Amino acid sequence: AQSVAQPEDQVNVAEGNPLTVKCTYSVSGNPYLFWYVQYPNRGLQFLLKYITGDNLVKGSYGFEAEFNKSQTSFHLKKPSALVSDSALYFCAVRDGYNFNKFYFGSGTKLNVKP
Amino acid sequence: GAGVSQSPSNKVTEKGKDVELRCDPISGHTALYWYRQRLGQGLEFLIYFQGNSAPDKSGLPSDRFSAERTGESVSTLTIQRTQQEDSAVYLCASSLAGGRSSYEQYFGPGTRLTVT
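Line by line, the protein sequences give chains S and D.
Take 1 as the starting number for the first sequence in the working numbering and just add one per residue.
Take 115 as the starting number for the second sequence in the working numbering and just add one per residue.
Note that these hints are calculated values from the structure, not bench results.
Watch out, some of these pointers could steer you wrong.
To be verified - Below, a sample of chain D positions facing chain S; criterion: calculated Cβ distance under 8 Å:
| # | residue |
| --- | --- |
| 1 | Glu134 |
| 2 | Gly154 |
| 3 | Leu157 |
| 4 | Ala168 |
| 5 | Ser172 |
| 6 | Gly222 |
| 7 | Pro223 |
Said to hold, decoys possible - Residues of chain D clear of chain S, computed beta-carbon distances all greater than 12 Å:
| # | residue |
| --- | --- |
| 8 | Val126 |
| 9 | Gly130 |
| 10 | Asp132 |
| 11 | Arg152 |
| 12 | Gln155 |
| 13 | Asn166 |
| 14 | Thr184 |
| 15 | Arg195 |
| 16 | Thr228 |
Unchecked claim - DSSO-like mimics (lysine-lysine), calculated; alpha carbons at most 30 Å apart, straight line:
| # | chain 1 | residue 1 | chain 2 | residue 2 |
| --- | --- | --- | --- | --- |
| 17 | S | Lys77 | D | Lys125 |
| 18 | D | Lys131 | S | Lys49 |
| 19 | S | Lys49 | D | Lys171 |
| 20 | D | Lys125 | S | Lys109 |
| 21 | D | Lys131 | S | Lys101 |
| 22 | S | Lys58 | S | Lys109 |
All of these numbers come straight from a predicted model, not from anything done at the bench.
From the three backbone atoms N, C-alpha and C, an ideal C-beta is built for every residue, glycine too.
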């Protein structure tokens, strides 16, 4: 079965420290992977995507994600967290057979404390 | 420019009633998606429209659910004879194209449906 897992419901980090939000996936074929962020009372916003090429993908707001094929992971990272990064983060993967279909994780709430 | 809009933002309905949810995609976006998000869960794919092609309905959970879209404009998601398990946030997203292209999706704020 194709799926995405975000093993942490919540991640707490102090401002200025590095952050990691974890994502693992299970999909047939080459994975197309995405991260989205949802700020309070706002719709989901695209952060970054991996389709092919360099395993380290850079996105909006200083975020980056590392694709690891052997570990089937696509963890979201940022070298120095900001309080304004506090939000709900969703990992998503495109179905390997049905390119119209996407699977989203359950979301990880990131809390950045001053 | 304007983003994806959805209406209503909140809808409370009695079990057994029909509801209609509306999505206005970003102009020029040919692909449109509907998702359902139950409390504490990830987004669940429901249906996909691409231009004038036949929609991909593979995610619709039952025949009580249907959706329409005319060309590249507004879409409506209809739930007939609502059940309590239909209570969720319904999200609409649009993108420049779908299928093999898989551009990023732009999401609306959602419609929170509560079935009492």
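Evaluation of the provided hints:
1. Glu134: violated, 20 Å
2. Gly154: Since chain S brings a Cβ to about 7 Å from Gly154(D), closer than 8 Å, the hint holds.
3. Leu157: holds, 4 Å
4. Ala168: violated, 11 Å
5. Ser172: This hint holds: Ser172(D) lies near chain S, its Cβ roughly 7 Å from the closest one there, short of 8 Å.
6. Gly222: Given a least distance of 5 Å, the restraint on Gly222(D) holds.
7. Pro223: Holds, because the Cβ-Cβ distance from Pro223(D) to chain S comes to roughly 5 Å (cut-off 8 Å).
8. Val126: Correct as stated: the minimum Cβ-Cβ distance to chain S is 19 Å, above 12 Å.
9. Gly130: Non-interface label stands for Gly130(D): nearest chain S Cβ at 30 Å, farther than 12 Å.
10. Asp132: About 25 Å separates Asp132(D) from the closest Cβ of chain S, which puts it past 12 Å; holds.
11. Arg152: violated, 10 Å
12. Gln155: violated, 5 Å
13. Asn166: holds, 15 Å
14. Thr184: Correct as stated: the minimum Cβ-Cβ distance to chain S is 19 Å, above 12 Å.
15. Arg195: Nearest chain S Cβ is 26 Å from Arg195(D), so the label holds.
16. Thr228: At about 18 Å from chain S, Thr228(D) clears the 12 Å cut-off, so the statement holds.
17. Lys77(S) x Lys125(D): violated, 37 Å
18. Lys131(D) x Lys49(S): Measuring from Cα to Cα gives roughly 40 Å; hence the hint is violated.
19. Lys49(S) x Lys171(D): holds, 25 Å
20. Lys125(D) x Lys109(S): holds, 26 Å
21. Lys131(D) x Lys101(S): Answer holds: Lys131(D) to Lys101(S) is near 29 Å, not above 30 Å.
22. Lys58(S) x Lys109(S): Since the Cα atoms of Lys58(S) and Lys109(S) sit roughly 21 Å apart, the hinted pair holds (cutoff 30 Å).
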